[in-house]
Amino acid sequence: MTMHVDIPDETLAGILAKAFRNTAFVTGFVITLLILAMALISYIWTPYDVTKLVIADKTQGPSLAHLFGTDHFGRDILSMVMVGARNSIAVALVAVGIGVGVGVPLGAFAAARGGLVDEALMRVNDLVFAFPALLSAIMITAIFGPGAVNAIIAIGIFNIPVFARVARAGALAIWPREFILAARAAGKSSTQISIEHVLPNIATLLLVQGTIQFALGILAEAGLSYLGLGAQPPMPSWGRMLFDAQTRMVVAPWMAIFPGMAIVITVLGLNLLGDGIADILDPKSRRQR
Amino acid sequence: MTAYPLKRLVIAFATLVLASMVVFAVLEILPGDPARLMLGMNASADQVELLRTQMGLNAPLVLRYLHWAGGLLSLDFGRSYTYSVPVIDLVRERLAVSLPLALIALALSTIIAIPVGLYSASRRGRAGDTVAMGAAQLGVAVPNFWFALMLIYVFAVWLRLVPAGGFPGWGAGAWPALKSLLLPAVALALPQAAILARVTRSALIEVLNEDYIRTARAKGLPYRAVLWRHALRNAMIPVLTILGLQFAFLLAGTIIIENVFYLPGLGRLVFQAITQRDLIVVESVVMLLVAAVIAVNLLVDLSYAVVDPRLRTRS
Numbered sequence: 001m002t003m004h005v006d007i008p009d010e011t012l013a014g015i016l017a018k019a020f021r022n023t024a025f026v027t028g029f030v031i032t033l034l035i036l037a038m039a040l041i042s043y044i045w046t047p048y049d050v051t052k053l054v055i056a057d058k059t060q061g062p063s064l065a066h067l068f069g070t071d072h073f074g075r076d077i078l079s080m081v082m083v084g085a086r087n088s089i090a091v092a093l094v095a096v097g098i099g100v101g102v103g104v105p106l107g108a109f110a111a112a113r114g115g116l117v118d119e120a121l122m123r124v125n126d127l128v129f130a131f132p133a134l135l136s137a138i139m140i141t142a143i144f145g146p147g148a149v150n151a152i153i154a155i156g157i158f159n160i161p162v163f164a165r166v167a168r169a170g171a172l173a174i175w176p177r178e179f180i181l182a183a184r185a186a187g188k189s190s191t192q193i194s195i196e197h198v199l200p201n202i203a204t205l206l207l208v209q210g211t212i213q214f215a216l217g218i219l220a221e222a223g224l225s226y227l228g229l230g231a232q233p234p235m236p237s238w239g240r241m242l243f244d245a246q247t248r249m250v251v252a253p254w255m256a257i258f259p260g261m262a263i264v265i266t267v268l269g270l271n272l273l274g275d276g277i278a279d280i281l282d283p284k285s286r287r288q289r
Numbered sequence: 290m291t292a293y294p295l296k297r298l299v300i301a302f303a304t305l306v307l308a309s310m311v312v313f314a315v316l317e318i319l320p321g322d323p324a325r326l327m328l329g330m331n332a333s334a335d336q337v338e339l340l341r342t343q344m345g346l347n348a349p350l351v352l353r354y355l356h357w358a359g360g361l362l363s364l365d366f367g368r369s370y371t372y373s374v375p376v377i378d379l380v381r382e383r384l385a386v387s388l389p390l391a392l393i394a395l396a397l398s399t400i401i402a403i404p405v406g407l408y409s410a411s412r413r414g415r416a417g418d419t420v421a422m423g424a425a426q427l428g429v430a431v432p433n434f435w436f437a438l439m440l441i442y443v444f445a446v447w448l449r450l451v452p453a454g455g456f457p458g459w460g461a462g463a464w465p466a467l468k469s470l471l472l473p474a475v476a477l478a479l480p481q482a483a484i485l486a487r488v489t490r491s492a493l494i495e496v497l498n499e500d501y502i503r504t505a506r507a508k509g510l511p512y513r514a515v516l517w518r519h520a521l522r523n524a525m526i527p528v529l530t531i532l533g534l535q536f537a538f539l540l541a542g543t544i545i546i547e548n549v550f551y552l553p554g555l556g557r558l559v560f561q562a563i564t565q566r567d568l569i570v571v572e573s574v575v576m577l578l579v580a581a582v583i584a585v586n587l588l589v590d591l592s593y594a595v596v597d598p599r600l601r602t603r604s
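Sequence lines, in order, name chains D and Y. For the first sequence, counting from 1, position 204 maps to 204 in the working numbering; every step adds exactly one. Residues are numbered in the working numbering as their position in the second sequence, beginning at 1, plus a constant of 289.
It cannot be assumed that every hint is accurate.
[Claimed, not checked] Here are some chain D residues pointing at chain Y (derived, C-beta under 7 Å):
hint: 1; residue: M122
hint: 2; residue: A130
hint: 3; residue: P132
hint: 4; residue: L219
hint: 5; residue: A222
hint: 6; residue: P233
hint: 7; residue: P234
hint: 8; residue: L242
hint: 9; residue: D244
hint: 10; residue: M249
hint: 11; residue: P253
hint: 12; residue: W254
hint: 13; residue: V264
hint: 14; residue: V267
Note that these hints are calculated values from the structure, not bench results. For each residue, glycine too, the CB sits at the ideal point set by N, CA and C.
All chains, full assembly: derive it from the sequences and hints.
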């Protein structure tokens, strides 16, 4: 049996009831669901085909036929925003996966071992933090070539120290607890204790950090795509759409407005969701970044 | 008393050395031969080989690293392949744009964020706080380059108050130059201000719950004095930490923002150098930025001791 010390004697129903009273959580949850739904729907239906160029319809303003207007190739912006959501979500989500998959075991290990191992890991962390993440992501994508996969790797690498740090700090707070001592007395190894007792107790922290990094990943992906280093055409991406919009701001401002709004709303939703989760599961925790 | 600063200094230097090795190693594996790039596709293999030797590209790896690192220390960064001028000249010229830009942005961000954080914390839970933090929540979500595009649309295209991009150079006079840095600085600063305001608010709220705040109020100090003198000072540590981190964000942010506004700054230089495989420029500028980040974080670490006297005696 694992003990969840963060949420003493609270049933799932109790947490859910609390969740639905939390405005930030509900708003963030609904926005995130809508964006996810939009991305999923785009696989089976979009108002128009995003790969088909209709020059006759180019740079038309928003209308009933094209709610968000059309771009310089006559493509429907709403459809492109829908398909672009897939790319943004996929890149940011996998990058979070990399960060969690590598960073959490590292952080948990450092906390369990302490001493030199811990010190070494923290110094490597310092090293990675010394590189402005975006600059390094630009270098990585420029070296290995632009594309969605390299964007994922570039963003993912910088998620690793973040999760390592959060996992370590969380684990360090759990290790002195009595139930860990009990587990030790029962003869469990430190790896077992880390997996069975420490991880479940820092899951909340990781979940909150996960939503933050997810949101930051969406912003970073948009930045890379804007510089031409993310997903390549014809695959629409929000950042790329903004790049195309820039030189056409005077004639077609909607080309910039709608993809940008998509980014803002997605990131806002994820941040609210993270705030909400942190609030519900641990009211004392103050999100800082 | 000197142990703490000394330890931080040693760690900072070690980080810098490690970082330089990483940068050097990463650029070693970058595909493309700079000698071939300089001479063009029609040059013979012998010519390329000769130039490689002249450029020192055939020396052993360790020697090349030491030579390069030694050069960095004496501010001799080598010559740019594509511009055929010493890198240090390029850097100096570009810093004249990027440094003022980053500083204006940092100043703007601080000037906006601290008062907003103070205001929100002292009106916690009331309408003003909700509005301010809602705005901050929105600000955090806005990508700075999109915000930049919107600023260009409103202030340059629509109102025609400022140029949409480009930089006249400081030779054209201080005002025209500053004017063209104004929108980029605002675009960089606002998302950062949103983060800083949130941190300031939560740090202040934590401090305002402390006993000594109640004591200060109880002894009759006006609220304003308590807020500024006692609370803000004690809330400075998280705020300073974020300010240090933001400096790195601002530096990286200049890469995108300078591209949006076609500003001839360091960020645009490094971006173009990467796409043109101008290794020496990339290495030098990246190292310069990394050194700046490490130096700022060191300063932040050391300033903790100034803000919080208890840390001065910590070993």
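Now for the hints, and whether the structure bears them out:
1. M122: Violated: closest Cβ of chain Y sits about 10 Å from M122 of chain D, beyond 7 Å.
2. A130: 5 Å, holds
3. P132: 4 Å, holds
4. L219: Nearest chain Y Cβ about 5 Å off; hint holds.
5. A222: A222 of chain D check passes; min Cβ-Cβ to chain Y is 5 Å, inside 7 Å.
6. P233: Violated - the Cβ of P233 of chain D stays beyond 7 Å from chain Y, reaching only about 17 Å at its closest.
7. P234: Nearest chain Y Cβ about 22 Å off; hint violated.
8. L242: 6 Å, holds
9. D244: This interface hint is violated because 11 Å lies over the 7 Å limit.
10. M249: 5 Å, holds
11. P253: 6 Å, holds
12. W254: Violated. Min distance 11 Å.
13. V264: V264 of chain D check passes; min Cβ-Cβ to chain Y is 5 Å, inside 7 Å.
14. V267: 4 Å, holds
The structure fails to meet hints 1, 6, 7, 9 and 12 from the earlier list, while all remaining hints are met.
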